[in-house]
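Using the sequences plus the hints, can you model the full thing?
In the working numbering, the protein residues as written are 987 to 1939.
Worth flagging that the hints you see were computed from the coordinates, not collected in a lab. Even glycine gets a Cβ: it sits at the ideal position worked out from N, Cα and C. Some hints here could point you the wrong way.
[Claimed, not checked] Okay, the calculated beta carbon distance ranges per label pair:
#1 L1628 to S1772: 42 to 52 Å
#2 I1219 to K1327: 19 to 29 Å
#3 Q1837 to E1700: 51 to 61 Å
#4 P1259 to D1692: 52 to 62 Å
#5 E1700 to L1882: 50 to 60 Å
#6 R1592 to T1620: 10 to 20 Å
#7 Q1837 to N1906: 12 to 22 Å
#8 R1619 to S1595: 20 to 30 Å
#9 E1637 to T1887: 52 to 62 Å
[To be verified] Distance condition first, Cα-Cα at most 30 Å in a straight line; then the derived DSS-like pairs of lysine-lysine:
#10 K1874 to K1014
#11 K1012 to K1125
#12 K1536 to K1412
#13 K1342 to K1454
#14 K1561 to K1548
#15 K1125 to K1062
#16 K1714 to K1561
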Amino acid sequence: MPNGTITPLGMTLGEPKRECEFTFLKAKFDQQIQFSCSTLRLSSGSYLNLYGVIGLPESYSVTAVILNRVYYSTRKNDLRLSSKIGSSDTFNCTWTTIPLEKTSQFKLCRHAEVAADNGTITPIEGDTGQRRNCSFHIKAYPNQKIELVCSVLKLTIAGSYLRIKGLLESANPIVLNQVYTSTRVSLMPNKANAATTIKPISTTMKKTTQSVTTTTVIKRNVTTTTTPSPTNIPKFFVCRDTNSSAATGILLPYRNITSDEAIDCAFFIVAPPGQQIQITCSTININGYHSYFRIAEYGEFGSEQDILVNDDYFSINNSLSVTASFDYPDWFECKWTTLPKDNTTNFKLCRHFEAKTANGTIQPFGGYTTPDRICSISIVAPSDYQIEFSCSSLNFSGYLMIKGVLDGYSDNGMNGDINVQVLGRKYYSINNEMKVESSFGYQARFNCSYKAIPKEITTESKFCRHAKATAANGTISPMAGDTRDIQNCAFKINAASNQQIRITCSVILLTSPDSYLSMLGVIDRILYLNEDTIVNRVYTAKTGNEIEIKSVLGSQDWIECKWTTTPKRNTTDFKLCLDEVTTSSTGTIQPLERDTEQRSCDFSIRTASSGQQIQMSCSTVKLNNICRDSVARTANGTIQPLTGDPGPLRECRFTIYAPPNQQIRISCSTLNFTSPDSYLWISGIIGTAYPPDAILNRVYYSNPYDSYYINRIELPSGINQGDRIDCKWTTIPVEITPNSKLCRHRYATMPNGTITPLGMTLGEPNRECEFNIKANLDQQIQFSCSTLRLSSGSYLNLDGVIGQSETDSAVTLNRIYYSTRSNDLRLSSKIGSSDTFNCTWATIPLEITSQFKLCRHAEATAANGTITPITGDKRSCLFLIKAYSYQKIQISCSVLKLTSTGSYLRIEGLVKGANPPVLNQVYTSTVSNDITLSSSFDKSDTFNCSWTITTRY
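Below, the structure written as structure tokens:
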């Protein structure tokens, strides 16, 4: 409101003090808020403070309110009152919005700033209170200066003073009638302290055009010398003009602006094709809180950046855009010129952005004195060429990075980035393009050269020199004499679709702990990027016929690998790790001979048509043994202890892997432990018990949704001499069914379904399992149990529903539960063989209503509505009402009947407490604008509360 009063809310005598704030509605930019208090009585420890009024600078803008003193808002027009008030305190304050005064006779503490060409400044009159501290800011354009003279100076009260900042000469103290000149675009008579008994201070001022050529860029505290702009260069104004194709021009801010708010504008410069735009700013004076000045499409790192004074910037192509937000008295002056693109081989970073010559040099762009710049240049060679790059000089503190080189590949492919740090080292591009990027200062010196060389076709390939090979036979090894500490390079081998690549490494000498050599694209299962290659093992390419060798090699490491390509085998006698897939109607599959170490490979048998079926049998199956075998990937198998082990206890781990979308089912028919220290755990299963001790004859299922185990079960064990175990597994498809079983299924997204316990043997120990139900955000899950019989020590808990808590989550028979907005229900349990339950769920559309039910609905943002309890048994729930920051919620209860033992209704988030609420009393939300209703009620209790949401001001 434009006018109003503010007084304290009534308090009970002796009530503890309250701390509150009050924010005035922001006035328009052409208005000002006037504030004063006609009554002000505060006890010890109480206060009433005012923020946002004319006084000391921003960092000291808090002001303790003084009786009858008239305060005025700053140009922000955003006043805020903060208080700590007791029951015996009182005040009565008023405010009004008045038009922003247009005058040349300014008053300290009444006016905050001025941009007028001339005027006077004197202290505000009529103040009878304590000493006042205020400041006043005089602003001018960069091409102007301010002259100031004081004709009256009477400061006789102790502690009073007048200081002026921003002058060429010192003015402390000020000399009567002396003319002072500003150093830059503004000056501030600061902290004029005067008691009300002092005589007026009279200060006159005027602004004239600068006769000198020095202007100060305030933002970066850099002084630069400029000369007047030639009159024949066209001038363009940002926020008046939008674009230009002129060969040269001067860019200035448009000042015909009546608003005090910063405005955002853009200006586009377009040159003819084949030309480049150079732009330089002689003045940038951007001081507003939201002000900025940026140039885009000029080739610096990132899409746009703040521009620095007197630096030259060049467009990448033939266009350039300027974006700016400025306020009074922000100022800038920039000149642009269009230039033909350089025909050179001596390229400069930040001057050139692409090099397509057969050879050339890369150096930093010089001639500037500002902080570091970040620029890049792309080197492009013909498609059948490669780029060789090296640096003969590196003398700077930033960085020089080359991208697209064989060094420093990324895990997502052969896209290498490397920071150049060694003189003379040669780097080679992966393909025919390389990007050079650098951060460098004005004193930076580096000299790098490049040349385009034909891609070498050889049978003796080298890491970090060659990217790939298509030769039928060849070798790959490090470059001899390479002194780099780490070679981080990749190499690819490709063959025709009717061929097969085989590769073996006769030498693998890795001395560094971080070194590795890994084969990708081979039939062997490679689980990790840095999984080591085995010396003398023959690796065979998959059907894609591409092998990628990734390596990290130290300067003392050495490897020698040789590959051959042969026609694909036409056979029915298939070998694991040599053959990957067949469509043959008959055949045999056996392990590859000569391998002395364990390896993992896949083999697929496919029918020629969908109407056929594959029949398979194994005449020989060698069983896995704990402590001899560590991994199994077969669809089924048996795990037993290693026979003949003389002891003592051995701790080993055995892992079973399943393909994607498959689940492992495992059960142990024998668990005979002779030692108290012996054990067998089963990890990665559906279940929450820890430690996960294996139970005799219990059927376990792997958890297909566990992000850690990912299609595997692990069996850690401690086996002693004489222990006997016999466990069998099989892999089955992951079952998606509406009839879920606890400990058999883990997750459901079906719209409807049931959950019951998995069958157990009588007397079997309790099982602990979890089950999740998930629905879309525009839906809600409804859950209830029609059967629930649990023995002592058993439980069935439900989380993620309205009204449940961590301490009260036990499921109640026939109670209907509703999911919260997260729509993720979690059922946790401990179930014995005699327990049973039958629970159902259904997903329903999220209800849009204004008549809400506690324990049925969780929250509301509706502009108005009612809340009543859901019918049924005794329960406790919360309900949240939300509003925007500029709104307020008002709530009242027309019905309040809570007669059962322990029943209550509380409303939190109100200006005045409601615990419990008073019938028909209207309550208002605090500025946080979240109201929470909490209630515990029985079927005989009822209440009816209604709310409305309106604007706060």
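The hints, checked one at a time:
no. : hint                       : in the structure
1   : L1628 to S1772: 42 to 52 Å : 51 Å, holds
2   : I1219 to K1327: 19 to 29 Å : 23 Å, holds
3   : Q1837 to E1700: 51 to 61 Å : 53 Å, holds
4   : P1259 to D1692: 52 to 62 Å : 59 Å, holds
5   : E1700 to L1882: 50 to 60 Å : 58 Å, holds
6   : R1592 to T1620: 10 to 20 Å : 19 Å, holds
7   : Q1837 to N1906: 12 to 22 Å : 19 Å, holds
8   : R1619 to S1595: 20 to 30 Å : 28 Å, holds
9   : E1637 to T1887: 52 to 62 Å : 57 Å, holds
10  : K1874 to K1014             : 23 Å, holds
11  : K1012 to K1125             : 24 Å, holds
12  : K1536 to K1412             : 20 Å, holds
13  : K1342 to K1454             : 23 Å, holds
14  : K1561 to K1548             : 21 Å, holds
15  : K1125 to K1062             : 17 Å, holds
16  : K1714 to K1561             : 26 Å, holds
When each numbered hint is compared with the structure, no violation occurs for any of them.
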